[in-house]
Amino acid sequence: MTERYQRRSALAHLGLEARASVVAGEGGVTLREAPMRGLLVLRGDGGGKAFRSEVTAVLGIEPVVEPLTAARRRDLSILWLGPDEWLVITPDRRRARIERMLRDALVGQHAAVTDVSHGRTVLVLSGPDVLAVLAKGCSLDLHPRMFGPGRCAQSRLAKCQALIHQTTDAPEFEIHVPRSFAQYAWMWLEDAGQEFDLRIAPAE
Amino acid sequence: MLLIECPWCGFREESEFRCGGEAHIVRPLDSESLSDAEWADYLFMRTNPKGRHRERWVHEHGCRRWFNVERDTVTHEILAVYRMGEHPPAEPATGGRRR
Numbered sequence: 001m002t003e004r005y006q007r008r009s010a011l012a013h014l015g016l017e018a019r020a021s022v023v024a025g026e027g028g029v030t031l032r033e034a035p036m037r038g039l040l041v042l043r044g045d046g047g048g049k050a051f052r053s054e055v056t057a058v059l060g061i062e063p064v065v066e067p068l069t070a071a072r073r074r075d076l077s078i079l080w081l082g083p084d085e086w087l088v089i090t091p092d093r094r095r096a097r098i099e100r101m102l103r104d105a106l107v108g109q110h111a112a113v114t115d116v117s118h119g120r121t122v123l124v125l126s127g128p129d130v131l132a133v134l135a136k137g138c139s140l141d142l143h144p145r146m147f148g149p150g151r152c153a154q155s156r157l158a159k160c161q162a163l164i165h166q167t168t169d170a171p172e173f174e175i176h177v178p179r180s181f182a183q184y185a186w187m188w189l190e191d192a193g194q195e196f197d198l199r200i201a202p203a204e
Numbered sequence: 205m206l207l208i209e210c211p212w213c214g215f216r217e218e219s220e221f222r223c224g225g226e227a228h229i230v231r232p233l234d235s236e237s238l239s240d241a242e243w244a245d246y247l248f249m250r251t252n253p254k255g256r257h258r259e260r261w262v263h264e265h266g267c268r269r270w271f272n273v274e275r276d277t278v279t280h281e282i283l284a285v286y287r288m289g290e291h292p293p294a295e296p297a298t299g300g301r302r303r
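Protein chains in written order, with our numbering: chain Z, 1 to 204; chain G, 205 to 303.
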């Protein structure tokens with residue numbers, strides 16, 4: 001594993017900290033990076049009692065069954081990716097421990113836990129005009145009557161594979177893109193948000 | 205652009221999907237005893253109908269699941285969508301285009 005002091009965010013070279021300028025209530029949309037999230041892909045039998053109880057024991061959250069939904073408990077989230085596939089989001093400092101606990105709990109089951117943190121980047125978009133910005137590059141219907149907090153969907157944003165997760169009613173969206181697409185997705189969002197007076201916020 | 209209903213994610217744009225060709229082709233169990241012609245028939249020969257066609261699709265940029273689609277190859281109308289392992293809907297007795 002990469003040594004901690006050598007790890008860099010996928011957007012480190014853009015110098016975003018120096019450009020961050022957010023005054024509360026200003027701008028139609030705000031963009032920031034959420035670097036170094038712990039992202040674990042969990043696979044297993046979603047209908048199986050043993051799988052469900054072991055995962056719930058470790059995370060304190062049941063693997064969500066309803067497609068395109070997510071659940072959260074304190075600093076952990078679990079997102080539906082498929083009928084036998086979930087994404088577990090953890091704080092960076094707890095990532096390795098939760099990965100090990102899940103692995104240990106699922107020994108003997110037809111299940112898998114894979115750490116994909118280093119391959120993805122999370123961008124956070126919020127503000128009153130966020131739906132208008134996303135609609136410029138994504139065919140998903142993110143209107144509140146169809147989407148909402150606690151919903152997630154994998155689709156494409158400006159032709160880039162993206163997992164879009166609405167976290168709050170505000171609205172705030174977390175957009176997971178492959179690390180190699182991080183700069184492209186960031187610059188596309190920055191450009192798309194220009195007409196809405198996009199502001200850059202400091203990374204988490 | 206087709207609007208395809210993924211059995212898990214609902215209606216999505218065609219560009220999120222990839223077509224995997226004809227569905228319900230069963231791999232021969234005793235492949236070692238097949239002649240070259242029979243093996244080639246299994247590998248390469250497809251029905252290529254004009255009209256109703258059952259095919260496999262994968263929701264590549266979504267949930268990445270494979271499923272079956274029954275589609276009219278002339279009009280591109282999608283007649284049915286069903287999950288892997290499910291039986292295809294019966295063909296209508298009359299009115300449907302025949303192979």
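Think of the hints as simulated: they come from the structure by calculation, not from any bench. The model shown is predicted, which means the values in this text are computed figures rather than measured ones. Treat the hints with caution; some may be incorrect.
So, partial list: chain Z residues that the calculated Cβ filter (under 10 Å) puts toward chain G [unchecked claim]: (1) Pro-67; (2) Trp-80; (3) Gly-82; (4) Pro-83; (5) Glu-85; (6) Ser-139; (7) Leu-140; (8) His-143; (9) Ala-153; (10) Gln-154; (11) Lys-159; (12) Gln-161; (13) Ala-162.
Glycine is no exception: its CB is placed at the ideal position from the N, C-alpha and C atoms.
Do the hints match the structure? See the list:
| no. | hint | verdict |
| --- | --- | --- |
| 1 | Pro-67 | holds, 5 Å |
| 2 | Trp-80 | holds, 8 Å |
| 3 | Gly-82 | holds, 4 Å |
| 4 | Pro-83 | holds, 6 Å |
| 5 | Glu-85 | holds, 8 Å |
| 6 | Ser-139 | holds, 5 Å |
| 7 | Leu-140 | holds, 8 Å |
| 8 | His-143 | violated, 14 Å |
| 9 | Ala-153 | holds, 7 Å |
| 10 | Gln-154 | holds, 5 Å |
| 11 | Lys-159 | holds, 8 Å |
| 12 | Gln-161 | holds, 5 Å |
| 13 | Ala-162 | holds, 9 Å |
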